[in-house]
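Order-wise, the sequence lines are chains A and B. My numbering numbers the first residue of the first sequence as 3 and each following residue consecutively. My numbering numbers the first residue of the second sequence as 427 and each following residue consecutively.
Honestly, the hints are just simulated from the structure, not real lab data. Check each hint, because a few of them may be wrong.
Unchecked claim - Partial list, derived from the structure: chain A residues whose beta carbon lies under 8 Å from chain B:
(1) Val-10
(2) Val-12
(3) Arg-115
Said to hold, decoys possible - A few chain A residues that face chain B, going by a derived Cβ cut-off under 8 Å, partial list only:
(4) Leu-71
(5) Lys-100
(6) Gln-102
(7) Phe-105
(8) Asp-107
(9) Ser-111
(10) Leu-112
(11) Pro-125
(12) Ala-128
(13) His-217
(14) Leu-284
Said to hold, decoys possible - Negatives, chain A to chain B, calculated, CB over 12 Å:
(15) Arg-30
(16) Lys-31
(17) Ile-72
(18) Arg-84
(19) Pro-96
(20) Leu-101
(21) Asp-120
(22) Cys-121
(23) Gly-136
(24) Gly-146
(25) Tyr-224
(26) Asp-264
(27) Leu-274
(28) Arg-300
Every residue gets a Cβ at the ideal spot worked out from N, C-alpha and C, and that includes glycine.
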Amino acid sequence: MQMPADAVPVLELDGLVRTFTTGGGLLRKGRSMTAVSDVSLRVAAGDIVGVVGESGCGKSTLARLAMRLIDPSAGRVLFEGRDVTQDHGPRLRPLRKKLQMVFQDPYSSLDPRFTLRDCLLEPFAALGETAPPGRVEALLDQVGLDRSFAGAYPHQLSGGQRQRVGIARALAYRPEVVVLDEPTASLDVSIQAQIIALLQELHRTSGLTYLFISHDLGLVRYFCTRIVVMYLGSVVEEMADPDAVPRHPYTAALMGSSFVPDPTERAQIVPLEGEIPSPFALPPGCPFAPRCARVQDRCRASRPALTQTTGASKVACFNPVEA
Amino acid sequence: MSGTVHKTGILATIRRSVAWRALATIKGGVAGGFLLLVVLGAIFAPVLTPYDYDIQALTNAFQPPSLAHPMGTDEFGRDVLTRILYGARTSLSVSVVAISISLVFGMTLGAAAGYFGGRFDRMVMVVVDLTWSFPEILVALMLVAIIGPGVTGTLVAICVAYLAQFTRLTRSQVMALKTETYVEAARGLGASHAFILFRHLLPNCLGPVLVAGMLATGDAIILEATLGFFGLGAQPPTPSWGGMMSSGSGLLFKGPWIILFPGLCIALTVVAINLFGDVLLAKLDIRDRLRVV
Chain A
3 MQMPADAVPV LELDGLVRTF TTGGGLLRKG RSMTAVSDVS LRVAAGDIVG VVGESGCGKS
63 TLARLAMRLI DPSAGRVLFE GRDVTQDHGP RLRPLRKKLQ MVFQDPYSSL DPRFTLRDCL
123 LEPFAALGET APPGRVEALL DQVGLDRSFA GAYPHQLSGG QRQRVGIARA LAYRPEVVVL
183 DEPTASLDVS IQAQIIALLQ ELHRTSGLTY LFISHDLGLV RYFCTRIVVM YLGSVVEEMA
243 DPDAVPRHPY TAALMGSSFV PDPTERAQIV PLEGEIPSPF ALPPGCPFAP RCARVQDRCR
303 ASRPALTQTT GASKVACFNP VEA
Chain B
427 MSGTVHKTGI LATIRRSVAW RALATIKGGV AGGFLLLVVL GAIFAPVLTP YDYDIQALTN
487 AFQPPSLAHP MGTDEFGRDV LTRILYGART SLSVSVVAIS ISLVFGMTLG AAAGYFGGRF
547 DRMVMVVVDL TWSFPEILVA LMLVAIIGPG VTGTLVAICV AYLAQFTRLT RSQVMALKTE
607 TYVEAARGLG ASHAFILFRH LLPNCLGPVL VAGMLATGDA IILEATLGFF GLGAQPPTPS
667 WGGMMSSGSG LLFKGPWIIL FPGLCIALTV VAINLFGDVL LAKLDIRDRL RVV
């Protein structure tokens with residue numbers, strides 16, 4: 003889905019930075035690392051934006067920043083054009099109703115003492131509201147769970163069923179945008195397909211917008227309308243078309259390493275060489291330079307900016323792969 | 427072991443309750459049954475015994491156990507069983523009330539310290555750890571010395587002596603639980619701190635803390651008896667188990683039953699409380715819950 007240049011994106015992240023400090027004590031200064039460094043992202047209504055990258059690249063931190071669950075060190079979060087970066091506590095409630103999240107781990111994201119009914123009523127209870135009658139049943143129907151599950155406890159459900167509850171809960175407010183933080187990462191492959199199918203159906207029927215966080219590039223290409231590739235806290239490539247040929251060497255390497263079921267179409271997998279730089283001591287140049295096959299001298303000296311290539315696609319590379 | 431229970435109503439609710447399922451085990455049944463017996467004995471003492479706990483009958487002193495006096499009589503001719511039944515009222519109620527108050531304060535302090543952290547946490551923990559660095563009996567003795575002997579002094583002493591334990595336990599539980607994703611999920615739903623504390627964190631740490639409270643009640647009975655033994659607890663003629671042992675200690679050879687029976691009562695009650703606490707802890711595990719359909 004192509005966004006007109008003048009349209010206000012429903013969710014916009016503008017130059018988000020988040021640093022964490024670890025260690026440190028009374029006399030020792032803690033070490034700080036940049037989990038997310040200067041990430042900007044525009045999500046238009048109806049989009050499914052996929053954020054993909056290795057574990058530790060800051061994609062979950064980005065999801066929490068977008069959800070306003072943690073405060074950014076710098077940058078802004080805008081929802082429907084309104085800056086919500088300075089809002090806290092009760093002032094965030096209008097945003098909560100429009101922006102919801104599905105968490106990665108369906109095992110720890112549900113309170114073990116809550117029955118499914120409690121779980122689905124919690125969104126209303128948390129805001130001191132009463133749920134409309136029949137809402138619990140409607141939500142269970144919507145995510146394909148039998149109504150008799152309402153009295154069950156989370157430990158009596160399978161991972162896939164729990165994740166359906168997580169999705170139902172995110173839908174309770176009838177939100178506009180749902181942040182999906184690796185919703186299938188801890189599920190079996192067969193269950194993953196069911197959950198993705200459910201998310202697709204909800205996208206179609208409820209007119210939702212997704213920010214989909216994943217490490218599975220194959221899944222993201224299949225599911226998303228736009229792809230953002232992150233490496234060590236920065237966006238290295240934005241693909242306006244999920245089927246486009248990757249331009250950044252890192253994206254190319256990621257795609258090259260995904261498994262193709264058909265053995266005749268399998269190319270030789272070239273594993274990435276070299277170490278990921280420590281996020282505590284990032285090199286001055288491109289963060290991917292130490293592992294890059296196309297590395298040049300200037301890559302180690304200065305950092306390439308995210309620049310437009312074809313259409314709305316962008317790449318942060320001095321020596322991108324030819325399209 | 428999750429079954430399905432279709433029935434609703436009072437009976438079904440009782441059957442699903444943790445206490446009931448703890449009682450249904452052999453260990454829990456024996457221990458819980460004994461405790462129930464002691465509590466009922468304390469409540470119905472005036473009906474169960476024809477004697478008064480404070481009327482002296484010196485001609486009747488030092489009677490060994492007999493049919494008329496199953497646990498004998500003391501140096502003033504008072505029926506020991508009667509005094510044990512009435513003494514249970516003091517010993518049990520002081521311990522239970524003191525521990526309950528201590529639990530409420532400890533949980534509130536610990537939950538707030540664990541949840542909010544930072545400077546508030548450090549301030550609370552310094553004070554709490556200070557009381558914890560002394561043995562309970564020392565803290566209790568110091569407080570009784572300040573407040574003065576009697577039931578109120580004992581109550582406050584037990585309260586403060588066990589506060590540190592409950593505060594620390596609740597704090598550590600809350601600190602572990604607050605990193606759970608469901609807490610973050612609740613924040614994502616717009617829940618307030620109070621909602622997260624009272625709906626998620628406290629119910630999830632209630633089990634271990636309540637069991638700790640139960641076990642501490644056993645200790646508190648001993649502490650109350652110790653204070654009573656030193657003459658700092660309930661003042662005569664109000665009977666308390668510790669006080670009875672204290673007066674019996676000088677008469678060990680003249681009438682061993684005077685110290686034996688209250689001592690036996692303390693020991694058995696504390697053991698029963700500990701056993702029941704054990705079973706309760708096992709039964710509080712959420713996976714032991716039945717599904718409500």
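Status of the hints after comparison with the structure:
no.: 1; hint: Val-10; in the structure: violated (23 Å)
no.: 2; hint: Val-12; in the structure: violated (17 Å)
no.: 3; hint: Arg-115; in the structure: holds (5 Å)
no.: 4; hint: Leu-71; in the structure: holds (6 Å)
no.: 5; hint: Lys-100; in the structure: violated (11 Å)
no.: 6; hint: Gln-102; in the structure: holds (7 Å)
no.: 7; hint: Phe-105; in the structure: holds (5 Å)
no.: 8; hint: Asp-107; in the structure: holds (6 Å)
no.: 9; hint: Ser-111; in the structure: holds (4 Å)
no.: 10; hint: Leu-112; in the structure: holds (6 Å)
no.: 11; hint: Pro-125; in the structure: holds (5 Å)
no.: 12; hint: Ala-128; in the structure: holds (4 Å)
no.: 13; hint: His-217; in the structure: violated (18 Å)
no.: 14; hint: Leu-284; in the structure: violated (27 Å)
no.: 15; hint: Arg-30; in the structure: holds (18 Å)
no.: 16; hint: Lys-31; in the structure: holds (19 Å)
no.: 17; hint: Ile-72; in the structure: violated (10 Å)
no.: 18; hint: Arg-84; in the structure: holds (17 Å)
no.: 19; hint: Pro-96; in the structure: violated (9 Å)
no.: 20; hint: Leu-101; in the structure: violated (9 Å)
no.: 21; hint: Asp-120; in the structure: violated (9 Å)
no.: 22; hint: Cys-121; in the structure: violated (9 Å)
no.: 23; hint: Gly-136; in the structure: holds (18 Å)
no.: 24; hint: Gly-146; in the structure: holds (19 Å)
no.: 25; hint: Tyr-224; in the structure: holds (26 Å)
no.: 26; hint: Asp-264; in the structure: holds (38 Å)
no.: 27; hint: Leu-274; in the structure: holds (31 Å)
no.: 28; hint: Arg-300; in the structure: holds (42 Å)
Checked against the numbered hints above, the structure breaks hints 1, 2, 5, 13, 14, 17, 19, 20, 21, 22 and satisfies the rest.
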